[in-house]
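Top line first, the protein sequences correspond to chains S and Y. Heads up: the first sequence begins at -5 in my numbering, then just goes up one per residue. Heads up: the second sequence begins at 29 in my numbering, then just goes up one per residue.
These are calculated hints, taken from the structure and not from any lab test. Quantities reported herein were computed from a predicted structural model and do not represent experimental measurements. Cβ coordinates follow ideal geometry from the N, Cα and C atoms, glycine included. Just to be clear, a hint being listed does not mean it is correct.
Unchecked claim - What follows is a set of in silico ranges between Cβ atoms, one per label pair, in the way DEER data are often shown:
1. Y:Gln85 to S:Arg310: 53 to 59 angstroms
2. Y:Asn217 to S:Gly319: 37 to 43 angstroms
3. S:Asp411 to Y:Gly139: 35 to 41 angstroms
4. S:Ala76 to Y:Gly139: 35 to 41 angstroms
5. Y:Thr84 to S:Asp380: 25 to 31 angstroms
6. Y:Asp223 to S:Asp380: 32 to 38 angstroms
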Amino acid sequence: MLQVAQKTDDYLSRFAQVEARLAGDGAALLPIRKKAIERFAQLGFPTTRDEDWRFTNVAPIARTAFEAATGDGEAVEAQQLATSALLQADWPRLVFVNGYVAPQLSSVGELPGGVRLESLAAVAHADPEALQQHLARHADYQDHPFTALNTAFMEDGAYVHIPKGVYLKQPIHLVFVSTADAGSVISHPRNLIVAETGSQATIIESYLGLGDGVYFTNAVTEIVVGENAVIDHYKVGREAEQAYHVGTTQIYQDRSSNASSHAITIGGALVRNDINTVLDGEGAQCTLNGLYLVSGRQHVDNHLRVEHAKPHCDSREFFKGVLDGHGKAVFTGRIIVRKDAQKTDAKQTNMNLLLSDHAQVDTKPQLEIFADDVKCTHGATIGQIDENAMFYLRSRGLSEPAARGLMVYAFASEAIDRIQPQPLRAQLRQTLFDWLPEGHRLQDAR
Amino acid sequence: MLEIRNLHASVEGHEILKGVDLTVNAGELHSIMGPNGSGKSTLAQVLAGRDTYEVTQGEVLYEGRNLLEMAPDERARAGVFMAFQYPVEIPGVNTAYFLRAALNAIRKHRGLEELDAADFLDWVKDKMKLVDMDEALLNRSINEGFSGGEKKRGEILQMAVLEPKLAIMDETDSGLDIDALKIVAKGVNTLRSADRAIIVITHYQRILDYIVPDFVHVLVDGQIVRSGGKELAIELEEKGYAGVEQKNAATESIAS
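Please work from the sequences and hints to get the whole structure.
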């Protein structure tokens, strides 16, 4: 405990430097930063005694002395990103290296209808008023220590603004690259996405690691979906083998809005995704999808919180996981239905496929219902490959690994099929093939 | 092609097959009949390589090789096919993809070129006509949501696609209406050939109105108690298994 407390102090003492350095980026942010760091000082790092962190031990993060990342985006060349980052020529993109925008890797191009896609740091410096209304107003730093930490230290990330009624056809791609080779580096990417009334856009966040060192990505994304607006959000986690990733996707939804979130986790040693949405207008709908492929000694925790605050809102959660080796996964699906939120229709599904006797899943629905006319269903399964099906496939000539691969593919592809942007879907299908035993043979046969 | 010698098999310590002897040559169609619980399906599953059954004694030679030492997929690639009594539903696995993967695994083993998607489609379309199946089924998950008759016809389709040397039909006729039964029988009859052996395992004599066997064997309590020509099936129909068994016991006592 003492050690952990010391590490908290490290962040507190570092804040003083950051405070001085960031004083220029608009006075508006400083009070929020101060409140956040004070709150972090009170909360400290969570432990497994905290209900929200019961199955995820963040001690490895707490006890590592991370160095603050510096903006060394020059060190990365586009070539290095080509294979894993899915750099589509016609997708507007911002690339961040160790948390800071790398203009030479980014390509915003011409955006229609006054859409803004800019570095958050640049906006904070030049146009801080743009951030006033929403930044740090949605992602809760009172109860979430990592969000508090991010809010205190946030510097760069993406600011996306979709004006009223604008439909952005091409997905916006936000790429977060970490380059840790030696030393342990921390970054606090912070994104703010605001979709005004009646607008529509797709946002893809990709996290990837190029080096094989230890690093920690502590990300927060706030998404505001205005009345009747549509936002499809994808978060693709391909962090490096030794990486830690804690990230919050905080969605706020107005009347008749429609939001979808897809959290795909493939890499990282310890990954925690908090995906929260507040359905704060009648007739709002959200779909939270996810897929996690966990192997080796990876630990992946998806923590969902859907708050039905107004009547006639629908929420759908659909998370699937495949676990191999000594992999561990956690799924928590909290659904809160406020007193006024009559006619809520909430559905939650979490399905897990275990490929090894050593893999482990903790899955937990958490329903808190204060209205009396609602429909809430939840279901969780943890299973192994059906031996009858395996025998059937093998009795037709498929080898054991091919049959097994086919079964896993069939299980996971249901989640991949839900991904709309075709290049992303194709890339993730490829990733799945790479991950599967004998996946290449499956792929050849397709 | 297939020689079964003194085959004993158990499941969870329960002996089900108690010394089965059977020789099947290429070009022959054998029917194995027997009451419920006689070990018919166990025999089929053991031949296909199901590991829930433990072979405790005896041997099975397939084309001179020890069949029992081969993995289920090895057997399939070597030309053994079992039509399942209860075909398995596999959600998410596309039927066309599965069939092509299976066919190509077998073709590769036989030293033939693997078929691409287009060639496979031509190949399978002809076979689908044989069993009167809608091509739309190819794009569905394996057996998922298929009716009982569709599943059984699907098994015949797979057999037609994979062109086995030894086909074992495990109660493919059970639960079929007469139209589906005729389609299954037509499929089996079309596949009869001089270099292929077929074993039709059945509980009912009815299918033998449409498929004429060269040999009929009666399996009771884990042993083949009588063997004969197609007329044995008719005798069974008239006298039932009990009658046939008794006659067998009488024959044995005279012999001893």
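- Range hint 37 to 43 angstroms (beta carbons of Y:Asn217 and S:Gly319) holds or violated: violated (51 angstroms)
- Task: Starting from the hint 35 to 41 angstroms, judge whether the C-beta atoms of S:Ala76 and Y:Gly139 obey it.
- Result: holds (40 angstroms)
- Taking the beta carbons of Y:Thr84 and S:Asp380, is their distance inside 25 to 31 angstroms? Roughly 27 angstroms apart at Cβ, these two residues keep to the hinted range, so it holds.
- Cβ distance range 53 to 59 angstroms for Y:Gln85 and S:Arg310, holds or violated: At 56 angstroms between Cβs, range holds.
- Item | Cβ distance range 32 to 38 angstroms for Y:Asp223 and S:Asp380, holds or violated | Because 35 angstroms falls inside the window, the suggested range holds.
- Message: If I claimed the Cβ atoms of S:Asp411 and Y:Gly139 lie 35 to 41 angstroms apart, would that claim hold in this structure?
- Response: Once the Cβ atoms are compared, 36 angstroms apart, the range 35 to 41 angstroms for Y:Gly139 and S:Asp411 holds.
Comparing the model with each numbered hint stated earlier shows that hint 2 is the single one that does not hold.
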